[in-house]
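**Q** Going down the list, the sequences are from chains E and W.
Heads up: the first sequence runs through residues 408 to 947, numbered per my numbering.
Heads up: the second sequence runs through residues 408 to 947, numbered per my numbering.
Worth flagging that the hints you see were computed from the coordinates, not collected in a lab.
As the structure is a computational prediction, the values presented were derived from the model and not from experiment.
Any given hint could be a false lead.
To be verified - Here are the computed distance ranges between Cβ atoms for each label pair:
(1) E:Glu832 / W:Phe610: 48 to 56 angstroms
(2) E:Lys945 / W:His779: 29 to 37 angstroms
(3) E:Lys673 / W:Asn660: 28 to 36 angstroms
Virtual Cβ for every residue (Gly too), placed ideally from N, Cα, C.
Number of protein chains: 2
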Amino acid sequence: MNDYTKLHDSKLVADWQSLLRIFISTENEAAKATLLKYMEQILFGLQDFLEKHVGITEEISLNKLNSFYRDSKINCNPEKKLANVITDVIKNVTPYAVNVASPYFIGHMTSAIPFFMVHLKTIVSALNQNVVKLETSKIFSVIEKQVLAKIHRLIFNKNESFYQLHIQNANTTLGAFVEGGTSANYTALWVARNMAFAPIKEFRGIDKEGIAAAYKAYNVKRSVILVSRRGHFSLRKAAGLLGIGNENVIAINVDKENKIDLNRLKKAIHEITQQGNIKIIAVVGIAGTTETGNIDPLRKIGKICKENKIHFHVDAAWGGPTLMSKKYKYLLDGIETASSVTIDGHKQFYMPMSCGMVYFNKPDSMDMITYHANYVNRPSSLDLGIKSIAGSREANSLILDCALKIMGSKGYALLIEHGIETAKEFAAEIEKREIFQLITCPELNILTYRICPPEYRKKLNKYNSKDEIIINKNLNAINQKVQRIQREAGLSFVSRTTIKTEYYTEDIVVLRTVIMNPLTNIKILNKILTEQEDIYKKIS
Amino acid sequence: MNDYTKLHDSKLVADWQSLLRIFISTENEAAKATLLKYMEQILFGLQDFLEKHVGITEEISLNKLNSFYRDSKINCNPEKKLANVITDVIKNVTPYAVNVASPYFIGHMTSAIPFFMVHLKTIVSALNQNVVKLETSKIFSVIEKQVLAKIHRLIFNKNESFYQLHIQNANTTLGAFVEGGTSANYTALWVARNMAFAPIKEFRGIDKEGIAAAYKAYNVKRSVILVSRRGHFSLRKAAGLLGIGNENVIAINVDKENKIDLNRLKKAIHEITQQGNIKIIAVVGIAGTTETGNIDPLRKIGKICKENKIHFHVDAAWGGPTLMSKKYKYLLDGIETASSVTIDGHKQFYMPMSCGMVYFNKPDSMDMITYHANYVNRPSSLDLGIKSIAGSREANSLILDCALKIMGSKGYALLIEHGIETAKEFAAEIEKREIFQLITCPELNILTYRICPPEYRKKLNKYNSKDEIIINKNLNAINQKVQRIQREAGLSFVSRTTIKTEYYTEDIVVLRTVIMNPLTNIKILNKILTEQEDIYKKIS
Chain E
408 MNDYTKLHDS KLVADWQSLL RIFISTENEA AKATLLKYME QILFGLQDFL
458 EKHVGITEEI SLNKLNSFYR DSKINCNPEK KLANVITDVI KNVTPYAVNV
508 ASPYFIGHMT SAIPFFMVHL KTIVSALNQN VVKLETSKIF SVIEKQVLAK
558 IHRLIFNKNE SFYQLHIQNA NTTLGAFVEG GTSANYTALW VARNMAFAPI
608 KEFRGIDKEG IAAAYKAYNV KRSVILVSRR GHFSLRKAAG LLGIGNENVI
658 AINVDKENKI DLNRLKKAIH EITQQGNIKI IAVVGIAGTT ETGNIDPLRK
708 IGKICKENKI HFHVDAAWGG PTLMSKKYKY LLDGIETASS VTIDGHKQFY
758 MPMSCGMVYF NKPDSMDMIT YHANYVNRPS SLDLGIKSIA GSREANSLIL
808 DCALKIMGSK GYALLIEHGI ETAKEFAAEI EKREIFQLIT CPELNILTYR
858 ICPPEYRKKL NKYNSKDEII INKNLNAINQ KVQRIQREAG LSFVSRTTIK
908 TEYYTEDIVV LRTVIMNPLT NIKILNKILT EQEDIYKKIS
Chain W
408 MNDYTKLHDS KLVADWQSLL RIFISTENEA AKATLLKYME QILFGLQDFL
458 EKHVGITEEI SLNKLNSFYR DSKINCNPEK KLANVITDVI KNVTPYAVNV
508 ASPYFIGHMT SAIPFFMVHL KTIVSALNQN VVKLETSKIF SVIEKQVLAK
558 IHRLIFNKNE SFYQLHIQNA NTTLGAFVEG GTSANYTALW VARNMAFAPI
608 KEFRGIDKEG IAAAYKAYNV KRSVILVSRR GHFSLRKAAG LLGIGNENVI
658 AINVDKENKI DLNRLKKAIH EITQQGNIKI IAVVGIAGTT ETGNIDPLRK
708 IGKICKENKI HFHVDAAWGG PTLMSKKYKY LLDGIETASS VTIDGHKQFY
758 MPMSCGMVYF NKPDSMDMIT YHANYVNRPS SLDLGIKSIA GSREANSLIL
808 DCALKIMGSK GYALLIEHGI ETAKEFAAEI EKREIFQLIT CPELNILTYR
858 ICPPEYRKKL NKYNSKDEII INKNLNAINQ KVQRIQREAG LSFVSRTTIK
908 TEYYTEDIVV LRTVIMNPLT NIKILNKILT EQEDIYKKIS
């Protein structure tokens with residue numbers, strides 16, 4: 408970091424000729440060679456870095472890091488030449504980034520991606536298409552429609568004539584590419600809200616008149632969304648954003664396996680319906696909870712929703728791609744009964760950040776959120792911006808389309824299966840080591856555990872709940888500390904969260920691992936456990 | 408397109424060893440060479456294409472294009488090798504994309520970008536950081552805070568001690584990177600809505616309890632957003648999304664220069680306030696309307712908002728970067744009085760799709776939309792996902808940070824100034840040619856005009872409004888047809904829209920140009936006009 412300022416070149420001046428050069432449609436071989444030279448600098452530089460830094464990140468305090476980034480003035484003239492800017496990123500930035508590609512990075516839903524994903528992203532950036540409108544994307548709007556149909560078929564598995572009718576239909580929409588799972592959830596619940604308060608009689612619909620008018624027209628005083636207590640926080644955010652109120656996301660308790668308790672769900676629906684003036688906008692089923700990776704009983708929820716005529720949204724941001732594994736797709740049984748489904752591209756489709764998707768069972772659902780602008784898009788066109796939470800948007804569908812061709816669904820299935828099976832091996836290993844306590848078993852590739860040495864565990868089994876709370880508080884502090892020390896050491900990374908379990912009175916701190924890197928294996932996982940044991944021994 | 412299926416290689420099989428190879432942290436020179444080989448194929452392939460296709464796109468009917476993309480099944484095994492997939496994209500996809508980098512593409516706010524932007528995007532994708540959380544981004548969260556402060560300073564120009572206090576402050580937020588201008592507008596209005604209905608007495612705030620409860624607590628029956636009739640359609644979408652109702656976006660008339668009529672704005676505020684039970688959530692000023700590029704009188708709107716204690720949002724998605732031009736920044740005079748500002752990175756910051764930003768005058772404004780999740784982020788951390796419409800999100804701030812260093816504000820200023828001044832030359836040329844009628848003069852780099860041959864213009868001046876309507880209908884048809892024929896020919900592209908003018912009774916169809924490519928010059932613009940004249944002569 409010490410040579411950070413040395414590269415500053417005070418002789419650089421912005422001028423028109425250099426500007427034109429950076430906009431060249433490279434008309435000669437020399438210009439092409441320049442393009443490649445910089446790309447080589449980037450690719451080799453980053454690779455050299457990854458090679459030398461097998462761990463997660465260089466140790467540095469956040470305060471120290473901050474201290475280098477405190478200048479808020481923009482230079483009038485260029486500060487550095489491109490080559491120096493790239494060098495600077497590789498030498499002074501990359502070491503303090505997080506090497507999410509490391510097989511020792513198993514704490515979050517961000518991981519290594521196949522190298523060709525970067526190449527595909529480069530194509531998308533270089534063409535700089537904007538799929539808001541056919542006039543700025545043309546074939547990319549057509550490709551997006553096709554890819555949406557492919558994933559829709561993976562989820563809903565309608566017949567061939569359905570897809571022939573809709574795949575390139577300018578009037579219908581099978582889904583949309585969005586920024587991420589959060590936007591996908593917003594979009595689905597926005598549609599659900601608008602369906603729940605569709606135009607009737609004098610009322611012109613909730614999107615036009617707003618929530619207060621909608622409640623009046625429908626004679627309700629509140630509307631709610633039901634989801635298990637393991638629901639992603641973006642659902643609360645969505646309810647806040649959509650004007651429903653985040654307190655109106657009702658958390659239903661879960662069973663021992665972290666799946667929504669169906670009896671409680673039915674009871675809640677019954678009680679709410681009884682009251683007469685509360686509208687249920689949607690029930691959300693989770694296909695891969697963020698914290699524990701468990702999957703709600705989708706078919707059964709679907710049946711309940713159908714009986715009660717409620718929009719059934721499935722948040723499969725994490726688990727959706729499991730459908731590509733013949734071996735494990737049964738875990739998502741019933742997903743085809745959903746009204747809408749969220750899937751993330753940048754999670755288990757291994758696409759680069761940021762890419763989410765939302766799908767709708769019925770090809771006219773997204774009519775509920777149609778917006779036009781004269782300058783940009785027109786009804787019944789292939790302008791994808793008409794039914795979309797976003798305006799301008801990059802053509803990420805090309806990446807998924809190419810990735811499916813390169814890997815096949817079987818390629819993805821192998822990754823999914825490796826994750827699930829390695830997580831199961833890992834769980835067995837955790838149970839073998841007496842210092843650890845497995846908290847949630849992996850159903851997909853996520854598990855939680857904690858450090859709970861035998862002396863603590865004995866006490867927990869023996870004492871009453873008052874002591875239990877104190878013992879767990881101590882354990883929470885231990886797990887927090889071990890996680891922090893391990894993270895700061897920078898060799899490996901597991902995350903931590905707090906969850907409510909059936910065993911204890913209060914929420915407990917747990918360590919959380921997500922196994923999605925194919926290079927992560929049981930040998931590496933054992934090393935990570937050993938490191939945690941060593942840290943614990945040192946601090947206790 | 409005819410060799411589309413030939414590349415399909417039926418012998419490819421997904422297997423674990425090939426999967427591992429695509430996740431390699433390339434440990435040797437051969438692997439690095441492979442990375443570069445594919446990148447060369449992409450960069451050279453795309454460049455060769457651009458060289459040979461100076462125009463906008465290959466002519467092909469949408470029906471024909473669609474017919475190649477009708478298969479909704481995902482192959483189990485790989486369909487093609489990576490090299491063949493890339494070849495396929497370059498040979499069979501790119502020709503039917505839109506060459507937005509062409510200097511003849513002057514119809515939309517999408518354009519050529521400096522070549523290094525693609526390199527920077529490649530770095531971002533290769534590192535695959537997720538700025539939702541410090542644990543998956545580290546230095547990139549720090550860089551984002553710094554870049555946000557730089558652009559905040561460009562807009563609000565507070566003093567050095569303000570920026571020293573906030574630039575790396577984990578408790579305050581100067582703004583956020585978002586998906587695009589649309590998301591930025593949502594975010595700003597979400598904050599404004601939540602401020603307008605903040606917690607009071609028993610009421611726990613609108614985000615918690617929802618709109619109906621908020622209206623009850625504040626004793627209002629409706630809330631509104633005021634903006635000129637030139638406001639972007641994302642504002643209506645935002646009002647729909649936020650539960651306010653898109654009919655409650657009140658369009659204020661504009662003056663001759665397409666700027667909000669201040670007297671009408673004041674009158675509207677007065678009348679609404681008089682009614683007593685309607686809340687004004689925000690007044691939106693536009694700094695570069697999408698259709699005409701005009702800028703509202705920001706200082707005066709700011710004053711009105713201050714007097715009436717209304718949130719003042721400025722949609723500077725387009726015009727924001729004009730602040731970097733010493734010559735033209737006066738056009739945005741008063742922007743520093745805004746409560747919040749939208750700026751797009753993928754517009755006049757010349758970043759790749761998709762990148763927007765939103766800024767807040769007060770560093771605590773975004774507290775209004777704070778959400779936490781145990782597993783991912785904690786209060787008072789540098790976890791940028793806490794106050795953000797999105798969850799997972801790529802580290803686009805690196806691109807802007809590097810671009811500012813490479814080009815300096817002066818480099819950007821030269822681009823901005825070229826656009827404005829070339830648009831003025833273009834306007835003069837349009838006025839010289841008697842077949843054309845200039846409809847809106849360029850204040851920034853956008854203008855509208857239409858084909859209105861002398862014989863039509865004479866009639867328009869002479870006849871009464873009934874005939875005027877018929878004559879304009881004919882002109883509308885002519886302009887629509889010419890625009891379509893020119894677009895389909897694929898050599899150049901201007902967009903069309905319909906706007907209301909002071910001269911005519913009904914909306915008229917106009918041609919719209921956006922001059923942002925530094926390679927677009929008056930010679931090229933003249934060619935485009937001549938092409939339109941020729942098309943008109945052929946069809947008339």
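**Q** Taking the hints in turn, state whether each one holds.
**A** Outcome of the hint check:
| no. | hint | in the structure |
| --- | --- | --- |
| 1 | E:Glu832 / W:Phe610: 48 to 56 angstroms | holds, 52 angstroms |
| 2 | E:Lys945 / W:His779: 29 to 37 angstroms | holds, 31 angstroms |
| 3 | E:Lys673 / W:Asn660: 28 to 36 angstroms | violated, 54 angstroms |
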